[in-house]
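Asker: Each chain, written out:
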Amino acid sequence: MSEVKSKSREHWFGIRKDLAPGRRTLLTVCSFGIPLLVWVTVSYVPFIWHPDIKLEISADRDGVTTVFTAGDRVSKEFFPTFVEAVRQENRKVLDARVKNNPHFVSRRENIKRLRHLAPLGVANGWLKNNERQNDEKIFNLWKQLAEGELASRAISLSQENLEIIEENWILLSKASPTFNLKLYPTEALLKLIPQGISSNPVYLPAPHEVINAGWLDFNTVPENGMPTMWERYRHSLNIIFWGFAYSCLLGIPLAILCGSFDFFSKLHEPFVDFFRYMPAPTFSVLFVAFLGTADAPKIMLVFVGTFFQLVLVIANTTRLLENSLIEAAQTLGAKRRQLLGRIILPGILPNLYNDLRILLGWAWTWLVIAELIGEKTGLTGFIDTQGTRYNFDRVFPVIILIGLTGFFTDRLLNWLRYLFFPWTEEVRQAPKGLLTRLLLSSTDRTTYFK
Amino acid sequence: MPPSLELPSYLSQSPEVSERFEKLRNRPVKLKVENLSKKFDTPNGEISALNKINFQIFRREFISVIGPSGCGKTTLIRILAGLDFPTSGNVFLEGRKMEGPGAERGMVFQDYTLFPWLSVKKNVMFGLEIKGLGKLKAEAEAMEWLDIVGLGKFADAYPEQLSGGMKQRVAIARSLANRPEILFLDEPFGALDAQTRSSMQAYLLKIWQNVDVTVFFVTHDLDEAIYLSDRILVLRANPGEIDELIEVPVPRPRAPGQFLTPEFLATKKRLEELIRPPELAQNDEFPMVRLTEVGDEVE
Ligand SMILES: Nc1ncnc2c1ncn2[C@@H]1O[C@H](COP(=O)(O)OP(=O)(O)OP(=O)(O)O)[C@@H](O)[C@H]1O
Ligand SMILES: [Mg+2]
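For the record, the sequence lines run as chains A and B.
Under our numbering, the first residue of the first sequence carries the number 1, and numbering increases by one thereafter.
Under our numbering, the first residue of the second sequence carries the number 451, and numbering increases by one thereafter.
What you were told as hints is all true, and nothing was included just to trick you.
Facing chain A, according to a computed beta carbon distance under 8 Å, are these residues of chain B, among others:
no., residue
1, ALA531
2, GLY552
3, MET557
4, PHE559
5, ASP561
6, THR563
7, PHE565
8, TRP567
9, PHE576
10, GLY577
11, LYS581
12, TYR608
In case anyone wonders, no lab produced these hints; they're calculated from the structure.
All of these numbers come straight from a predicted model, not from anything done at the bench.
Ideal placement from N, C-alpha and C gives every residue a C-beta, glycine not left out.
Taking the hints into account, I'd like the entire structure generated from these sequences.
Answerer: The following block contains the structure:
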């Protein structure tokens, strides 16, 4: 049955009017597309925000204790000062050299100055990540760059720095024609001038950084015996599952009793109502004290966090069941137990199911707190560690994973309603996709006449 | 053909009709109501919804209750079905004192009250399974009842897929499948359109003629009450008391054609007198509300 396009359907903004299917899909795509687009734009279009410079080549200043290494971010106001200070130092070294009264430094200091080329080597793939202190490789790098055998692609070296590389190589190769740390010069080498690219603050990593970091984290086995990301994920799921399962197992029967019998309602609900205002995290110390530091107190926290809400919400849902259905069953001979099992339970089931979906969302919130008590574990434990180290590009993939897990479980549970409750108004009215229709036709639970 | 203005008294019965009532009165008493009163405590004081109600119903009798809105019809039927408790007085079913609801007293509500999560067939099977009938037997019996109300091919549909009239037929089948001794119906056709309503009345009459069941029927539709009932219980409001218990002089079997017979009209006239106080009809001084004249002086 196709509807004739009427005037009211043409409006984008009609109160309580459904938009045409195409427009609805478009808007759904936009609801994800717009935030993504904002993120991408802010990340890759330099003049929108980018208040910082991300250092690609750094230098240590004399007598300044704050050390910036490649990869650090400095504000755009500070960067020129930084660069000028290093230049000034180089100028002094050169002046001294011209006056035939060169500066001397420790050999160790010169080695350090040479090592500042390492990040460039890593970025170009000439050095491995763990070779940043491999002085022989670094020696060769200086040589090859100075002699023009290598040209940096990943980071475009400024003319100034190219000259410094040549200048330093002359000094270095004179003292140590082949690699030999003992022969390294003690006359001060020039420092590389800090170079960097415009970037956003560390807490807003760009999409590709997040994807790369996530890819790495989820595909490498960490050393020092830490769990892999997938183990962490399973651990988190485990805690939320058991916490919520105990909550349901104890809470649902109690709630249905409370909603059905005034006796249980008056006996339990006032206390439950009181208890739910005491924030669950405040009990975490207590839980750790008598349940140990393993998973038990974490599961307990998720349980306490959801149980009391669950009892109240579901007791209320139970009370909302139409009384006339119970009365009708009574006039058909149903007694107390049959009323509970055959009328109240199936009658509230669709609403109970929806309540549980909402409560499961809260359980995720409690999970985050639970994983931080006692021993920090699971995904939140990882977020906590990396967050304190400012590795936000590694934090975001985990946050997104949690979000996606919650979102897709909810979508799945929502979709399963078609299977479980084909008789409800919402399900019968809802437009059904191909998959849903297939599912319904494979079960003989509904018959369609209209 | 306009009905003659000279109507007989509603009390005069033809010999066949009075013979029938004679026989009815000799049947065993199915339901006996004794000094039934119901008071509600409200913020505005006590409401006497029912006051000292006494009557009895004979086996396989069809009895209707009418009365102005708020006179206590629903209160009465709910007490008889055991869903509410009376303030005082007793209800006896074949001499047994009744307390609480039970399968021997079926009830059909105005708002259908089918169980939405059960298919039509399972709805009808509900009472049978409670009774302890095996699944197969219950199913066979339910199908029989669905065929009687003409809904056999909707057995696997969910209630929400049916129209109002169909739902009410399922509700009736569900109650009758349980073989209640007495069936209570509270304005069961009140929410239906006129067409469906009259066919439902015919259905109910036919079922009643073929099933051993006593019917207690609440309605506010006078034609419906006369067309269906043996006797009509007229209630008065404030306090709810029995105004009159009328023996309907219209002979059986009934048909819609009888709506214009003298007995029918005489009964209807009497009922109208009873439930519509005359002073209401005269008060037609209506305040003039902004009325734009059409200008052609046609009223
Ligand atoms: N639970 C209650 N609490 C207080 N008063 C009530 C309650 N139930 C009914 N009443 C009062 O009792 C009186 C009878 O109500 P009842 O519903 O039985 O009338 P009724 O004859 O069925 O009316 P209607 O034709 O509108 O269905 C009314 O005045 C009503 O206000
Ligand atoms: Mg009523």
